[in-house]
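Novice: Using the sequences and the hints, build the whole thing.
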Amino acid sequence: MLNRPQHVAVMTLVTLGITVLPALTQWSVAENVEQIDAPDFSREIRPILSDHCFACHGPDEQTREADLRLDTAAGLSSVVTSGDLSKSELLSRVNSKDADLLMPPPEFHKPLASAQRKLIELWIKSGAKIEQHWSFRPPLQPDLPPHVSKDSPASIDYLINQRAKSAGLELNPKADRRTLIRRVSLDLTGLPPTREQVTAFLSDESPNAYEHLIDRLLSSEEFGRHVGRYWLDLVRYADTHGLHLDNYREMWPYRDWVIQAINDNMPFDEFMTLQLAGDLLPEANQSQKIASGFNRLNVTTGEGGSIYDEVFTRNVIDRTDAFGTIFLGLTTGCAVCHDHKFDPISMEDYYSLFSYFNSLDGRALDANVKNPAPAIPVPTKEQKQQVGDFEETLIDLRNSMAMPIRTVDSAQRAWEQALVKGIAPRIERLMPTRIDSEAGTKMTIREDGSFEFTASPAAKDTTTIVAPIKSGTQWQTLHLEALVDEANNRVGSSTNGNAVLSEISVEITDDLLEGQWLKVPITHGFADFEQKDGSFSIRQAFDSKVNDSTGWAVGGHQKPGGRSAWFVIPALMAEGENGKVRIRLHYQSKFATHHLRRVRLSVSDTSPSVPVEQRITLSPISATGPFTVENAIAAYGRKYASQQGEFKSDEVFNHEDRPYRWQERADLTEVQIQNLPTVQDRSSVMLLHQHLSAPKATKVTLLFGTDGGHVIYLNGKQVAISKEPQELNPLALEYELDLKQGDNDLYFKVVNYSPPSRLTFAFRSPAIDTPRQLNQLLNVAEQERSEQDRVSLMNFYRKVYCLHPDWLALVDQEKGVRKALKKLNDSVSTTLVWKELAKPRQSHVLVRGQYDQPGQPVPRATPAFLPAMPANAPANRLGLAQWLAMENHPLTARVAVNRYWQQIFGVGLVKTSEDFGSQGEPPSHPELLDFLAVDFQTHDWDVKRFLKTLVMTDAYTRSSKVSPSAQKIDPENRMLARGSRHRLDAEVLRDQALFVAGLLTDHPGGPSVKPPQPDGLWKAVGYSGSNTVSFKPDNGDKVHRRSVFTFWKRTSPPPQMSTFDAPSRESCTARRERTNTPLQALLLMNETQYVESAQKLAMRVLSAAEIESHPEAERLAARIGWLYETVLSRPPSKTEQSEIQSLLSDLIAYYSDQPDLTAKVSKNADPTEAAWTILASTVLNLDEAVSK
Amino acid sequence: MHNDPRLAALTRRAFFSRTSCGIGAAALASLQSDESSAANRDLSTGGLAGLPHHQPKARRAIYLFMSGAPSQMDMWDHKPKMADWYDKDLPDSIRQGQRLTTMTSGQARFPVAPSIYKFARHGSNGTMVSELLPHMAKKTDQIALVRSMYTEAINHDPAITYICTGDQLPGKASLGSWLSYGLGTENENLPAFMVMTPTWSGRKQAQALYNRLWGSGFLPSKYQGVALRSKGDQVLYLSNPDGVDPTVRRRMLDSLARLNQGTAEQLGDPETHARIAQYEMAFRMQTSVPELSDISDEPQHVLDLYGPQVSTPGTFANTCLMARRMAERGVRFTQIFHRGWDQHGGIPKDLPNQCRDVDQPSAGLLTDLRQRGMLDDTLVVWGGEFGRTIYCQGPLSKTSYGRDHHPKCFSIWMAGGGVQGGVVHGETDEFSYNIVKDPVHVRDLNATILHLMGIDHDRFRYPFKGLDQRLTGVEECRVVKEILS
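Sequence lines, in order, name chains A and B.
Going letter by letter, the first sequence gives residues 579 to 1766 in the working numbering.
Going letter by letter, the second sequence gives residues 5 to 489 in the working numbering.
FYI, nobody ran anything at the bench for these hints, they're computed from the structure.
Among the hints, a few may not be true.
[As the list claims (entries may be wrong)] With a cut-off of at most 25 angstroms between alpha-carbon atoms, the simulated DSS-like pairs for lysine-lysine come out as follows:
| hint | chain 1 | residue 1 | chain 2 | residue 2 |
| --- | --- | --- | --- | --- |
| 1 | A | Lys1277 | A | Lys1110 |
| 2 | A | Lys1597 | B | Lys235 |
| 3 | B | Lys353 | A | Lys1217 |
| 4 | A | Lys1301 | B | Lys208 |
| 5 | A | Lys1610 | B | Lys235 |
| 6 | A | Lys1277 | A | Lys1123 |
| 7 | A | Lys1038 | A | Lys948 |
| 8 | B | Lys208 | A | Lys1610 |
| 9 | A | Lys948 | A | Lys1400 |
| 10 | A | Lys1588 | B | Lys235 |
| 11 | A | Lys1597 | B | Lys208 |
| 12 | A | Lys1217 | B | Lys402 |
| 13 | A | Lys948 | B | Lys208 |
| 14 | A | Lys1738 | B | Lys235 |
| 15 | A | Lys1217 | B | Lys208 |
[As the list claims (entries may be wrong)] Covered stretches of chain B, as calculated for chain A (at least 3 residues, CB under 8 angstroms):
| hint | region |
| --- | --- |
| 16 | 157–166 |
| 17 | 199–213 |
| 18 | 268–278 |
| 19 | 352–364 |
[To be verified] Listed next, the stretches of chain B that the computed footprint assigns to chain A, with coverage defined by at least 3 CB atoms under 8 angstroms from CB atoms of chain A:
| hint | region |
| --- | --- |
| 20 | 232–242 |
| 21 | 420–434 |
Backbone N, C-alpha and C fix where the C-beta goes; we use that ideal spot for every residue, glycine too.
Specialist: Printed below as a string of structure tokens:
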């Protein structure tokens, strides 16, 4: 196949370069077709037919004219007779002078050039051989003459050189070593070599010096950070969702996975399989799951108003098209609405492929969160260990908490019995054995255990009593009775009969404590009377603060008679025979002698029996909603119904023009998990209301849990807010509610991100009666209760009422561990992955591509014109990956090697690396492409070996000098008679500048970072509610990491990158254009980090130790040499040396006259430093520095 | 020292004696300055061979884009009968099962919200225009009002991407980048396609914009729109860093050019010459862009045309004046994205502010262009990405209402180069819900804009991913000849 003489037509094909209508111009220059032999159908004829005829005579049945197909052998044969021009209607039609007969029709605006018509004629004359499109045939190892060495670089060179020579090109000599090391370092690691590396390479005289250099580069960590970048462009990796709000998407673990896989030299077939189907591997590990995030890289939206099915379909199309571009090099997307016009992909084929990507176990809308499900946490090793420890502890604790606990259960039984009528609580009066007055006032103890002052009390005093206490009982309530007698029926000892108990404290000792006193906390308190003026509520008596202005004031001056107070003491339990309590009553009020005259204390084993008139009553719950909201975040600040106002049961609220009313929902009871209504695929809000009627101001605890966010309002004030979607943890959150006397309006605003929405709540307060339905349950004999009721009751008791220390110890532990775990988990990164639905969705052909017009159902299948699935391959993405890796697959390896070629040589052998179909450009070297494809596959898809082969070729290592004649023959250097030369990519430019300045930090990855960018770029485009609307640059080492780690906002990509042709990462990009614009010049001269690099580079030059050793007179030249070698890997020429010197002396002179200006460039206000900074910037801006 | 005597002539003394804006000899050696001005217009560079396809009516265009979708029935599409329909349900016969956004698809009813604004007849053909647009109302004889625009997209992101790039999905080239690719530039000291994103006075929660709306998609990125900013550098990285004044920059560029010239001679890569030229253009931009934004040379009577906010950088009025200044300097396409039009609720509170932002400046721009004789060959387009519903979203009262997205009809206007003034094209039903006459698809609009710029939309193609990509896509569309002069 190589023996055939090259003809002019092929030449023009590869030399003309970018054209608007490639097929037309490629051929229009070919004059001498007569002298050439049979045109190659695949490369020369088929493209003409594809571009000019297939639209009406191609694969698309809907638009096929005259029932004629020119993309099949059968169709062509009907209009072409081999060797006979007069019997070939094709020719007579394209040559017709009659506008009605002429093909293509003039109105098609795609006339054939005369050279094209000539070619067709020649082709028919020479036999009209018909072949399948070149890229759909399996690649064949070309026959190479025996003298060609079989090692890959030599074979490649043979195939290149043959072609270049016959095109009249002279092969350039090898580039010098300095050029080589810079070129290959930039191509394999994206960084230039250091001066030391250049020196080492120059002095390595071994014949394998170049190979050693390549091996070093291939094993460098920087290799993956550079080569991975091309893949990230291709698969459209980014850090935001891309549509509408364009919120943050946490996906960087996938990026790091790519880099790691490349550094590990993962074979390409495995690389491909893990990304397409890592989740489907048996017992997929974390890394494989991360790789499956490949299928989630499409842009997504959370736009309010979106129609779910439409978005769903779009997402699947995006994934299917990505698959086509990335692995097949085909534009499958054309077949969304109609059969492909150029390639044999029918709509049925398309939707069959589509069906591999339609069964995500997750929603299509991204809810504007960073990790729309399915996502997995990606903890660091340490985090993983810690999370594991915490989780284990939690499981243990929760198991213990769900299990019978002897002491706690017996307390529950006691509580139950106490609730059920007729069973009296156990009450023990405390009989003090000791009494003390701090002020030394005489006190006495009466037979009934009460104690009193028997002398005139001091102005302030503290009474301490010690009393034995029975063991084995869980005492829950301390009852204080302030007694009066007939002679004096006011409880206080002051002249007006009033008293203030500043503080009461309880301590315990027993056999276990061996005489040590342990403080017993008081959690609640009630009094039958407390003064309303000032800080005199009962609460003040157990706030652990003793001061002279607060305390329980009993109002003895206002009302005669005794007083009672109940204190909840959850931890009062003694072990052994010597249990004792010590109780102190502090009377430290500024009001003198405000002591309780006579006090009696008792303990009981039930919750305090709050007097009926003091109980808080609860109304049934009322609910309204669900109110839809365009994004959940907006709901927190927005007002719904009467959320902060007065409750009116008959009020009607309008929302999005629908009336909403309150509904009484007696079924929404405490403790149990309640399901709230939601709106499919929308964020929504439910508002719930409850009246709490409190006879006096008091505090209650609200136990709460939702799986969305929530806001709680009490009496018009927001008292709690939780703004994150979270996993439901029933009754896990505790909020204190300060109830006022009278009616309290309590609202729960439950914000649901996406369904379901669940809620649990309950109150903890002795003043709140047990729910009515519980009393009914308690009246059922224990043995007759269902298991469910038993568990429910146990949970309720334990969560709300139980104050047993054994239980409380567990609760405290669980709460502590949970809190620590949550904190830890919040700090753990996540990444989007694929998870397949248990039952895949059925796909249908969508009529005209319309999401709401499903046609015939289609099974999962690969396009019919490509090889069949391997036998036994599963009907899923794993099977699809196996199919791609099949030995005879015509596309996978060709498409992959072409991209590597493009990466190394600047342009692919197939220039349209994204399109290998009929409309793509045919390969410049078809045999070479086949050779490489076979070579890659037979060497187990070994990427590093493959790249090494490419950079070992003569073609790669040639000088890139271009002569005028070479420029004329081959302006784009497609023949590779010279080394390729082009402008460096954005990332390489930035990394190079930081690197030569000594600023680049070596960092392995992690969350993306934000180097500085001009203010306002995000704001100019961002949705005001987006979490990426304002850009805040990072600081510290983060701003000096390699550009592959830069944060990529799709709707406003980093300008340092996009100015140099980096894509937005919204869609798959197989190759970047390379433009040359003034905006790039401005950026390189003026952008903050380039300026910083120039400054640092100048300081490096001025402080380089190796220069100090030079004699004074040579230092300047040495510095300039050092600068050149650092940036360009070579010393300057004499001309350059003197140009730089003259620039330097001009600048030093100029800056010397302008100290103010100098100070802005040089920290030390040194004109020499300033001049060197400009010099460094100049060198960084050299054409040579920005090119490879 | 130098091979080229012109380079050798550049001695130290020359460096200090030249003005800071002088152009280096080295640069002159490798490029021919092709500075142009409005007076010297025929120097288009960088366009495609064979373009324009026909004699263009407009040499440049200014697109005033109202992002978020303005309410057509409150501004341009008068529906007097709606007064009788207040709070009555939109008849099913009108809605015809039209798909709705999920923001209103759950509404129990679709009550009609008549516009509360008064309309009056203006101009020689008596075009009804809302009282919200007193200045534009006086321009009806100069504009072609199209009341029958429609699209298929019902949400912002896809819809605005559609009208700006010809496709609902990201990845395609924007209108401006197509024009810049096809027609090149008339002033190499400024980008051919410039974009501005002014402030707005309506609700703060405004819909997002996306760089893709002025991006180049599959076209080379040099065709993408360049943002002219009102804060910081007007063009990114335009300013020299601290301590680098124009003299230093000039001197640095002279050395850079000479050194690059050496590389060019040694390696023979034409890109090196191109790079030298780009650095020189960058240097010229450092003068031409600040000069562009410096409006101190505008006489008061011109400033007055644009209204009181014209002198505040970043306002719509200011960007309109900027657009005229760019047009004057040969910028091919200027697009201004004014945000804040997404009025789901509280239209009477919001809409007057938005209208005040744009009314006088838009009218002022037309007057200014006309006074300068530039309106004849400058196309001005005004419009958003879709329309709004006649039925109310949210609470409806006599004084307040909101409107949801409506793709089936909306109003835009065009004026200037090749557009016939005093024309009203297309008609909607009495609910401004369905088009009853002369529908114009977003593709038709883009085809018409291209046509006026001398381009046949069907023949204007770029091969990518196996398709001849067109701004107007693969489906049928037509130039709206009826509004052409």
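Novice: Against each hint, give a clear statement of whether it holds in the structure.
Specialist: We went through each hint and held it up to the structure:
1. A/Lys1277 with A/Lys1110: The hint holds at about 15 angstroms.
2. A/Lys1597 with B/Lys235: holds (12 angstroms)
3. B/Lys353 with A/Lys1217: holds (18 angstroms)
4. A/Lys1301 with B/Lys208: holds (22 angstroms)
5. A/Lys1610 with B/Lys235: Holds, because 17 angstroms separates the two Cα atoms, which is no more than 25 angstroms.
6. A/Lys1277 with A/Lys1123: OK: A/Lys1277 and A/Lys1123 at ~18 angstroms, within 25 angstroms.
7. A/Lys1038 with A/Lys948: violated (62 angstroms)
8. B/Lys208 with A/Lys1610: Holds, at about 21 angstroms.
9. A/Lys948 with A/Lys1400: holds (17 angstroms)
10. A/Lys1588 with B/Lys235: Roughly 21 angstroms separates the two Cα atoms, so the pair holds.
11. A/Lys1597 with B/Lys208: holds (12 angstroms)
12. A/Lys1217 with B/Lys402: holds (22 angstroms)
13. A/Lys948 with B/Lys208: Holds - the C-alpha atoms of B/Lys208 and A/Lys948 are around 24 angstroms apart, at most 25 angstroms.
14. A/Lys1738 with B/Lys235: This hinted pair holds, its Cα atoms lying about 22 angstroms apart.
15. A/Lys1217 with B/Lys208: holds (17 angstroms)
16. 157–166: It holds, with 4 qualifying residues against the three required.
17. 199–213: holds (count 7)
18. 268–278: holds (count 9)
19. 352–364: violated (count 0)
20. 232–242: Coverage by chain A holds for the region 232–242 of chain B (8 residues, Cβ < 8 angstroms).
21. 420–434: Coverage by chain A is violated for the region 420–434 of chain B (0 residues, Cβ < 8 angstroms).
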